[in-house]
Amino acid sequence: MPVRYQIRLPDPTQARGSEPALAFTAHGPEAFAEQLQDALRTPGLFERWRALQPEPDEVDPALGATDPAAVVSGEQHDLSIGLVATTVLPGDILQHRLRLLAGNRWEMRNVSQA
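Numbering-wise (our numbering), the sequence shown opens with residue 203 and increments by one.
Derived by calculation from the structure, the hints in this document are not laboratory data. Certain hints may be false.
What the hints assert, rightly or not - FRET-style restraints, in silico, Cβ to Cβ:
hint : residue 1 : residue 2 : range
1    : T215      : R311      : 16 to 24 Å
2    : V261      : D213      : 29 to 37 Å
3    : D280      : E257      : 39 to 47 Å
4    : D294      : P212      : 20 to 28 Å
5    : G266      : V313      : 16 to 24 Å
6    : E309      : G246      : 32 to 40 Å
7    : Q208      : P270      : 18 to 26 Å
8    : P256      : Q278      : 34 to 42 Å
9    : A223      : Q315      : 31 to 39 Å
10   : Q315      : P256      : 34 to 42 Å
For glycine and all other residues, C-beta sits at the position ideal for the given N, C-alpha and C.
Work out the full structure: start from the sequences and follow the hints.
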């Protein structure tokens, strides 16, 4: 069953992961939503992260799960950006992808059944 995650980027200019090759490059709510949606739908971000690990073959393949039907929308709220992600992926996978993209510069605001 799909779950709806409401995410806030308090300062979008700071919402960048520590590894530039994996981090958000977005500017604006639509671009942030598009990049997160791609990270949930396709294995690209996970594969790039896995390749950077000391022992890529030892990474749990379950972390690479994808949801081709995931949908993410974005809205500007004053200086922050709100993202709403709807996906069947577990919360720990969504949070891992967000840490890669935005570091610790994001907040989970609400989680509910979609």
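So, going through the hints one by one against the coordinates:
Restraint check, T215 to R311: a C-beta distance of roughly 19 Å satisfies the suggested window 16 to 24 Å. For the hinted restraint 29 to 37 Å between V261 and D213, the CB-CB distance of approximately 30 Å keeps it satisfied. For the hinted restraint 39 to 47 Å between D280 and E257, the CB-CB distance of approximately 44 Å keeps it satisfied. Distance hint for D294 and P212: a CB-CB separation of about 22 Å, consistent with the stated range 20 to 28 Å.
Taken as a hint, the range 16 to 24 Å holds for the pair G266 and V313, whose Cβ atoms sit roughly 22 Å apart. Evaluation of the 32 to 40 Å hint for E309 and G246 yields a failure: the beta carbon distance comes to about 25 Å. Between Q208 and P270 the beta carbon distance is about 22 Å. The supplied range of 18 to 26 Å therefore holds. As the Cβ distance of P256 to Q278 is approximately 39 Å, the hint placing it in 34 to 42 Å holds.
In this structure the supplied range 31 to 39 Å holds for A223 paired with Q315, their Cβ-Cβ distance being about 35 Å. Checked against the hint of 34 to 42 Å, the pair Q315 and P256 passes, with Cβ atoms roughly 38 Å apart.
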